[in-house]
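K.L.:
Take the given structure of chain A and dock chain B to it, following the hints.
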Amino acid sequence: MGVSPAPSPAGTAARRGHRARVAARARLDFWFDAVILVGYTIAYSYGWTGVVIHEWLGIGLGIALLLHLTLHWDWAVRTTRRLLRPRGHDKLIWLVNLALLFAMTLCVASGIAISRVALPELGLSTLQTPFWFRLHALTAEVTVGLVPVHVALRWRWIARIGRRLLAWRPARRPR
Amino acid sequence: MDRAHRPAAARLAPSAAAAVKFARQFAAAALVVTVVVLAGLAWSRANPSLPGEGPAGPARPVPGRAVRNWAVRGHLVLPPGVKPQPGGRPASGGPAGIVGNDGSGIPAMLPGDLLEPVNLAVLRHTAMLEAAIIAAVIIVDASYRRARRARRSKRGSPATPAGR
Numbered sequence: 001m002g003v004s005p006a007p008s009p010a011g012t013a014a015r016r017g018h019r020a021r022v023a024a025r026a027r028l029d030f031w032f033d034a035v036i037l038v039g040y041t042i043a044y045s046y047g048w049t050g051v052v053i054h055e056w057l058g059i060g061l062g063i064a065l066l067l068h069l070t071l072h073w074d075w076a077v078r079t080t081r082r083l084l085r086p087r088g089h090d091k092l093i094w095l096v097n098l099a100l101l102f103a104m105t106l107c108v109a110s111g112i113a114i115s116r117v118a119l120p121e122l123g124l125s126t127l128q129t130p131f132w133f134r135l136h137a138l139t140a141e142v143t144v145g146l147v148p149v150h151v152a153l154r155w156r157w158i159a160r161i162g163r164r165l166l167a168w169r170p171a172r173r174p175r
Numbered sequence: 001m002d003r004a005h006r007p008a009a010a011r012l013a014p015s016a017a018a019a020v021k022f023a024r025q026f027a028a029a030a031l032v033v034t035v036v037v038l039a040g041l042a043w044s045r046a047n048p049s050l051p052g053e054g055p056a057g058p059a060r061p062v063p064g065r066a067v068r069n070w071a072v073r074g075h076l077v078l079p080p081g082v083k084p085q086p087g088g089r090p091a092s093g094g095p096a097g098i099v100g101n102d103g104s105g106i107p108a109m110l111p112g113d114l115l116e117p118v119n120l121a122v123l124r125h126t127a128m129l130e131a132a133i134i135a136a137v138i139i140v141d142a143s144y145r146r147a148r149r150a151r152r153s154k155r156g157s158p159a160t161p162a163g164r
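Just so you know, the sequences run in chain order A and B.
Sequential numbering from 1 applies to the first sequence in the numbering used here.
Sequential numbering from 1 applies to the second sequence in the numbering used here.
No wet-lab data here; the hints were simulated from the structure.
Possibly wrong hints are sitting among the right ones.
[Stated by the list, open to error] Stretches of chain A that chain B covers, calculated by requiring three or more beta carbons in the stretch to come under 8 Å of a beta carbon on chain B:
| hint | region |
| --- | --- |
| 1 | 41-54 |
| 2 | 133-142 |
[Claimed, not checked] Okay, the calculated beta carbon distance ranges per label pair:
| hint | chain 1 | residue 1 | chain 2 | residue 2 | range |
| --- | --- | --- | --- | --- | --- |
| 3 | A | LEU84 | B | ARG124 | 40 to 48 Å |
| 4 | B | ARG148 | A | GLU121 | 49 to 57 Å |
| 5 | B | VAL118 | A | THR80 | 41 to 49 Å |
Treat the numbers as computed from the prediction; the structure is a model and nothing was measured.
Ideal placement from N, C-alpha and C gives every residue a C-beta, glycine not left out.
Chain A with its partners taken away, still in its complex shape (with noise of 0.2 Å):
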């Protein structure tokens, strides 16, 4: 074992930074990510929020799905990459989150499609054929079923971040 030489000041501040940026990073992951679960929920509950909440909601869960696919950008060119390699950890999350991207965005695509009240609400038609509506129902199905798997992927990433997160921290007293 080797002796660490002690921190520098500055050193210290970019490490605690380092750390800070990272913290802030897993919790905007965390929470947004929760957001968007909760929204998916809500959403598909259909014959709870009725149409209107339901139409709004997904063209808002199609704007964060966006959002969250950017975030998470890096991750999949890095799991692409490492694809062909004989010991791929994340082949299994890849190819989940493979097939929730063409659920998801054609389920969002088709909701706008046969959309009766937002769409025609900002004054534009919509094409309501039943293969939008069938393609609609069909993702929603595939969608319902794969969303829980993609954060149950996930399950010890969630858990330590959520128990850093959400463990009760007494707030100090000034002296």
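P.N.:
Same frame as chain A, but now just chain B:
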């Protein structure tokens, strides 16, 4: 490249570099999403039928604001395939109106049923379904990892740490 042979982005302030990176990744993500949407459009044009379903019918454009203020709560929803007769009205004392059902799996439009507590069972059902799938995947994943760790410890090699 600048005089120090650094890429242009290296000269930018950290926040500006992060913004450029985000914009680049956002454009890439948008491109991927566009490709998937275009694939869906091509599917609808080339072979507009889905597994287990018949061919799709012709397009019906919906005029703007056609459904505004249309409260259909208390209406009678017809079985799939049954069309409401033009000018047909329900009997007095019955439902407030008649709503068609295209059998697509999409429930009839009920904008009057917004967030009714009686329909909370639908939300509960979705949450329960998601929770059940999450629990099942976690159990399978944890058992798989435990079995793999046990196998490795038998062989005497250290287990790899898990993380994101």
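K.L.:
If a hint holds in the structure, say so; if it does not, say that too.
P.N.:
Against the structure, the hints:
1. Counting residues of the region 41-54 of chain A whose beta-carbon sits less than 8 Å from any beta-carbon of chain B gives 12, enough to reach three: the coverage restraint holds.
2. Residue count for the region 133-142 of chain A with a Cβ under 8 Å from a Cβ of chain B: 6. That meets the three needed, and the coverage hint holds.
3. The hint said 40 to 48 Å for the Cβ distance between A:LEU84 and B:ARG124, and at roughly 44 Å that hint holds.
4. A C-beta distance of roughly 53 Å is found between B:ARG148 and A:GLU121, which places it inside the suggested range of 49 to 57 Å.
5. Between B:VAL118 and A:THR80, the C-beta spacing of about 47 Å keeps the proposed range 41 to 49 Å intact.
The earlier numbered hints are all upheld by this structure, with none contradicted.
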